[in-house]
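**Q** So the chains spell out like this:
There are 2 protein chains.
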Amino acid sequence: MALTRVRFAAGRVGQWKIDEVRVVRGETLPDASRLAHGEDAAAPPAQGASWSLEGVRSHERYTERGERESLVRVQPGLGRPESTRGALIPICKRASWWELSQDERRTIFEDRSHHIAVGAHYLPAIARRLYHARELGGPFDFLTWFEFAPENAGAFDELVARLRETEEWRYVDREVEIRVRR
Amino acid sequence: MALTRVRFAAGRVGQWKIDEVRVVRGETLPDASRLAHGEDAAAPPAQGASWSLEGVRSHERYTERGERESLVRVQPGLGRPESTRGALIPICKRASWWELSQDERRTIFEDRSHHIAVGAHYLPAIARRLYHARELGGPFDFLTWFEFAPENAGAFDELVARLRETEEWRYVDREVEIRVRR
Chain A
1 MALTRVRFAA
11 GRVGQWKIDE
21 VRVVRGETLP
31 DASRLAHGED
41 AAAPPAQGAS
51 WSLEGVRSHE
61 RYTERGERES
71 LVRVQPGLGR
81 PESTRGALIP
91 ICKRASWWEL
101 SQDERRTIFE
111 DRSHHIAVGA
121 HYLPAIARRL
131 YHARELGGPF
141 DFLTWFEFAP
151 ENAGAFDELV
161 ARLRETEEWR
171 YVDREVEIRV
181 RR
Chain B
183 MALTRVRFAA
193 GRVGQWKIDE
203 VRVVRGETLP
213 DASRLAHGED
223 AAAPPAQGAS
233 WSLEGVRSHE
243 RYTERGERES
253 LVRVQPGLGR
263 PESTRGALIP
273 ICKRASWWEL
283 SQDERRTIFE
293 DRSHHIAVGA
303 HYLPAIARRL
313 YHARELGGPF
323 DFLTWFEFAP
333 ENAGAFDELV
343 ARLRETEEWR
353 YVDREVEIRV
363 RR
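If you read the protein sequences in the order shown, they are chains A and B.
For what it's worth, this note's numbering labels the leading residue of the first sequence as 1, then goes sequentially.
For what it's worth, this note's numbering labels the leading residue of the second sequence as 183, then goes sequentially.
Calculated directly from the structure, the hints in this document are not laboratory data.
Note that the coordinates shown come from a computational prediction; the quantities given were computed from them, not determined experimentally.
The beta-carbon is built from N, C-alpha and C at its ideal position, and this holds for glycine as well.
Chain B stretches covered by chain A per the calculated footprint, using a threshold of three residues with CB under 8 Å from any CB of chain A:
no.	stretch
1	235–245
2	284–291
3	311–319
One side of the interface only, derived from the structure: several residues of chain B facing chain A at Cβ under 7 Å:
no.	residue
4	Ala184
5	Arg250
6	Trp280
Modelling step: build the complete structure from the supplied sequences, incorporating the hints.
**A** As structure tokens, this is what we get:
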């Protein structure tokens, strides 16, 4: 059973207008005016794009049963009509992260950085979908897509600021924040 | 940093002679006479092959720190001159496996099925290398490659028989065993 694949393509077409491409750490991505994205048959073409990134929806790597049950109760889907603001945050983690064992990564990820708990605090206002890209051979390990209403833009800024202060984020060596509206 | 990619290609060329293609569960793979495999620049071409499978070497998903330290002390590399027997075992797991949370999968994988411990019991006789394929969109989730000396073929049979009796293996819905020699 093939996993759902996504493509984000930045260029001159796409439902989302790019407000800002802001490098958080490492190398940036080229500016572009529009961002298109879609899953599987709805994926925009990579040809002609200024840049494109691919990922897959895959299974959860750290979430435990109880955490998932809490999340499922409150996490919204994408495409809410009022969610006219969005962000794509591609991230790459250092080799030293991937060399950790599973229990060490889980300890940093949740017990000490509270990644799941912090994200859950902003649900359902900030919808998010994680795509895995590391195995696909592209320049990033993860692509996270966020959607929210304009009045929740401040909450989004707070969410990403809190995550960037965590121990987990010391393992991030490239991060770009692409802010969009439709 | 791109992950190491592998390709296995079955057809009329390759260092390894295929002794048997045996389906364990689900659909088989076509018969072929030779198997070639290599990582990155050494990967054999897929063109002209009867079938080819790709995977990536990726980080460990269940191994904890103490387990890894035990493994590192005893696990051999590939390519030992005396290892003239080999096996490729591509596996696909049911959707119900991937829908489990990380703690549930770890509990089944090691606490109840002893996957790591069983594999470790046959080290260093049976060298193994795991490749992840699920995110690449191919027909299998994992490709595991084994190498061993002819006198350890019985130990190899015992290893895979023990794993196939575990609770974890109830989640396997396709498995093919390709036995080779050089």
